[in-house]
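Could you put the whole structure together from the sequences, leaning on the hints where they help?
Heads up: the sequence lines are chains S and L, in that order. Counting along the first sequence from 1, when you hit position 59 you're at 59 in our numbering, and nothing is skipped either side. Counting along the second sequence from 1, when you hit position 254 you're at 254 in our numbering, and nothing is skipped either side.
Hints are supplied without guarantee of correctness; some may be wrong.
[Unchecked claim] Covered stretches of chain S (chain L as the covering partner; in silico rule of three or more C-beta atoms under 8 Å from a C-beta of chain L):
(1) 13-27
(2) 34-40
(3) 56-65
Don't read these hints as lab results, they were simulated from the structure. In this text, a Cβ means the ideal position worked out from N, Cα and C, and glycines have one as well.
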Amino acid sequence: MELSYDIGGGDFVNAGRASSAVKGILKQLNISAVLIKRVVIALYEAEVNVAAHASAGKISVSITKDVIRINIRDKGPGIADIELAMQEGYSTASKEVREMGFGAGMGLPNIRKNSDTFNISSTPGEGTELEIINRLSN
Amino acid sequence: MKACPTEAIRVRNGLAEIMEERCVDCGECYKSCPVSAIIVEQDDFNEIFNFKVRVALVPSVLIGQFPSRITTEQIFGSLITLGFTHIFEIDSVVDIVQEGYNKMTGQKDEPTPRISSFCPAILRLIQVRFPSLVENLIRVKPPSDIAALSYKSALIDKGLSEDEIGLFYITPCAAKIASVKSPVGEKTSTVHGVINMEYLYNKMLHIILNGEASEEQHAAGDLTSMGILWSLTRGESRHQAGRSLAIDGISNVTHFLENLEDTENSQIDFLELRACDESCAGGALISGNRFLTVERLNGRARIIQNKKRQDKAVFQDKEYWLDPIPPRPMMVLDNDREEALRKLNKIEDLLKILPGIDCAACGSPTCRALAGDIVRGDAGPEWCVFLQELYLRNGKISLDEADRINSGIWGSEREYRSQIK
Ligand SMILES: Nc1ncnc2c1ncn2[C@@H]1O[C@H](COP(=O)(O)OP(=O)(O)O)[C@@H](O)[C@H]1O
Ligand code: SF4
Ligand SMILES: [Mg+2]
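Listed below in structure tokens is the structure:
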């Protein structure tokens with residue numbers, strides 16, 4: 001099954017739409033709560049990053065009986081030093097974003113922690129692409 | 001049909017049908033149905049006379065419903081006139097409940113936040129819609145059960161024999177009635193019957209206004225202000241250590257739990273969740289105005305503000321814990337993953353042709369619910385009034401067939417049908 005969602009930069013209200021839709025679907029497939037939670041946390045953090053740091057993004061989700069693959073591609077400033085961005089607590093979030101309760105610098109580390117396979121690539125000045133793959137077998 | 005938080009209601013043959021495995025007994029349908037199509041099951045009142053000792057277990061919200069000029073003595077007196085021999089105030093045992101909560105705190109492996117099991121509708125909602133959170137439920141029995149158990153043993157200590165004691169719970173709660181009939185976390189229910197408060201209120205008021213209330217004094221239980229307020233919003237949460245939150249109203253609770261499921265560390269220690277708006281003061285079987293009920297109980301609590309309990313609360317480890325609460329997930333489309341995925345694809349395909357306005361004319365509460373019903377084989381795409389119209393126009397179904405479908409949903413007695421023909 002294939003699904004896709006758009007998110008806008010700065011749109012914190014709709015960040016979370018894709019992850020809650022995906023959660024509803026995984027629940028109907030009788031997937032364990034622990035696995036669902038991993039997928040949902042990873043996807044939610046990725047959505048928030050597009051809203052907080054980029055200008056527009058597209059999410060594609062593909063679900064088979066064994067695996068869920070999520071691709072998040074955005075247009076935005078990109079990340080110059082990925083290794084640095086992956087560190088726990090590192091954040092360039094603006095004051096406004098922090099005041100909304102985001103920007104603790106734990107997003108990317110949590111995405112990696114909650115995915116079985118995690119890939120990130122970025123072109124500064126153009127955008128960022130994440131790939132999150134989780135096996136669905138219990 | 002749309003009030004249901006688990007989409008358990010369908011209209012068939014002009015009647016509301018409830019899908020039992022999804023129902024959490026919250027009473028929302030009962031409160032909102034425009035034609036009173038929903039009935040709350042209840043025991044025959046005369047069953048109390050099968051017992052020599054007839055105990056009325058009374059929650060504070062019963063008293064809160066009466067106008068302030070009516071005294072507690074009159075209220076209890078009217079229960080005696082109706083045939084009860086003993087009255088016990090349920091909310092006098094909340095110190096024992098709190099003692100149970102205290103026993104659970106500080107245990108390292110307990111998942112947080114801990115969620116109160118007070119409200120039976122919430123308990124069931126978590127079982128069916130949020131099965132990942134069943135471990136968070138605090139397994140301490142609710143006040144009504146502990147009241148029944150402790151008062152029964154007090155009566156036995158006084159020399160009464162167990163089989164002459166009948167315990168009857170007067171309840172504002174549709175979910176409570178259901179949970180006595182099919183208990184969760186208990187092998188059998190502790191009380192012998194539940195009495196619908198709505199039914200009793202009118203009888204009591206009548207007796208009191210006619211001056212027929214008995215003057216015998218029978219109320220037992222050592223009620224404090226903590227007890228009076230326990231079943232109202234923040235009644236539990238204000239007494240818990242750490243960060244605690246109180247949420248009332250089943251849709252508020254559902255939204256909150258959706259988010260909680262996805263959070264790694266909520267930093268909340270205790271959650272008081274109640275299905276009804278204004279908690280039990282807004283129960284389905286409350287006749288009075290819920291805001292006035294809250295206000296009166298606050299007044300009553302203020303009067304005895306400084307009162308302390310005489311005896312010490314003793315939590316009976318043998319009797320007062322609930323058994324483990326099993327998850328009852330209802331969302332799963334099929335236990336076979338491949339089959340479930342196939343059904344899910346079909347639902348998504350159907351959603352592309354259904355209008356998406358959730359008009360409910362098909363007898364299902366939303367277009368997505370109809371799509372699910374179609375995939376389960378319980379409905380057809382031609383049940384949708386918009387698709388039916390299309391099928392009629394291109395000759396895919398006949399007028400007679402359409403007629404049969406529509407009366408299968410809304411019944412054949414509908415007047416408009418004869419008018420149109
Ligand atoms: N989609 C993105 N586009 C541009 N920069 C990003 C993106 N995602 C993350 N970053 C950068 O990586 C940093 C760390 O991200 P993260 O761990 O999610 O923390 P936070 O979002 O709380 O700042 C961000 O502060 C930002 O500089
Ligand atoms: S809030 Fe009270 S009356 Fe309403 S369902 Fe829960 S326990 Fe019953
Ligand atoms: Mg982030």
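Each hint tested on the structure:
{"no.": "1", "hint": "13-27", "result": "holds (count 6)"}
{"no.": "2", "hint": "34-40", "result": "holds (count 4)"}
{"no.": "3", "hint": "56-65", "result": "holds (count 3)"}
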